[in-house]
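Asks: Please arrange chain B on chain A, whose structure you already have, making use of the hints.
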Amino acid sequence: MSEFNVAKTLDTSGLSCPLPVVKTKKALKDIEVGEILEMISTDAGSIPDMEAWARQTGHELLESNDEGSSYRFFIKKTH
Amino acid sequence: MENKPKKLALIASQGTLDWAYPPFILATAAAAMEWEVAIFFTFYGLPLLKKDLKASVAPGTNPAMPMKMPFGGEGFQNINWPMPNILMNNVPGFEAMATSLMKKTFKNKGVASVEELRDMCIDLDVKMIGCQMTMDVFGFKKEEFIDEVDIGGAATFLEFAADANVSLFV
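In the order they appear, the protein sequences are chains A and B.
Following the working numbering from start to finish, the first sequence increments by one per residue and tops out at 97.
Following the working numbering from start to finish, the second sequence increments by one per residue and tops out at 336.
If we strip away everything but chain A, and leave its shape as in the complex, we get (with noise of 0.2 Å):
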């Protein structure tokens, strides 16, 4: 579905505020600059949450998508 080049996937189906932010944040330290982290995730506030952490780290999202019952996110490590 995805177009995107990914170095890494997390999931963290299953888990709540803050831990999706949390340990994107923690993943993004097992890639380089300019490669791309996948990110799954159940909670239902990660889509505004992970565009608000976006903004604030600078990290590039490049896609953010509401399957239903899971999101999935593209996030672009820049710095």
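Hints are all accurate, no fakes.
Okay, the calculated beta carbon distance ranges per label pair:
id, chain 1, residue 1, chain 2, residue 2, range
1, B, Leu-324, A, Ser-31, 33 to 43 Å
2, B, Glu-309, A, Asn-23, 42 to 52 Å
3, B, Lys-273, A, Pro-66, 18 to 28 Å
4, A, Ser-31, B, Phe-260, 28 to 38 Å
DSS-like mimics (lysine-lysine), calculated; alpha carbons at most 30 Å apart, straight line:
id, chain 1, residue 1, chain 2, residue 2
5, A, Lys-47, B, Lys-217
6, B, Lys-172, A, Lys-26
7, B, Lys-216, A, Lys-44
Covered by chain B, according to a simulated footprint, are these stretches of chain A (three or more residues, beta-carbon under 8 Å):
id, segment
8, 30 to 42
9, 68 to 80
Don't read these hints as lab results, they were simulated from the structure.
In this text, a Cβ means the ideal position worked out from N, Cα and C, and glycines have one as well.
Replies: For chain B alone, kept in the frame of chain A given last:
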């Protein structure tokens, strides 16, 4: 992003399980957003820094606290049990039972435990300041606390908070 990170300054003054969550959740979320974070643990919040963390709920202090059963069907689990807290507080073991039910409910909903959130704070370099005055009043020793604690007073916290973007008292 800007060179200077945003700052969050929190005061954690409550030691019950439910009140332990807001400062740790806000601190970890802000640190994940690459903010600089400090929490000043004072009065009843100070025991949250103990190596052996034993936060429990105190239903009598919050009559609005819903009581949920962490087992059974979804309909059963969603019931808010009308517990007469004022009466139940006199029943031996009630607080331990309420604590255990709340921990189980949190776990079922994928909420991190307070211990896990505190470990994440350490991992994310959240500055945790233990209040010296509270230590003196309640007779706590530094050895009882986790190693990452900085001991300080009001001035230590205020210097950090002076140019914080967000300051909250919990």
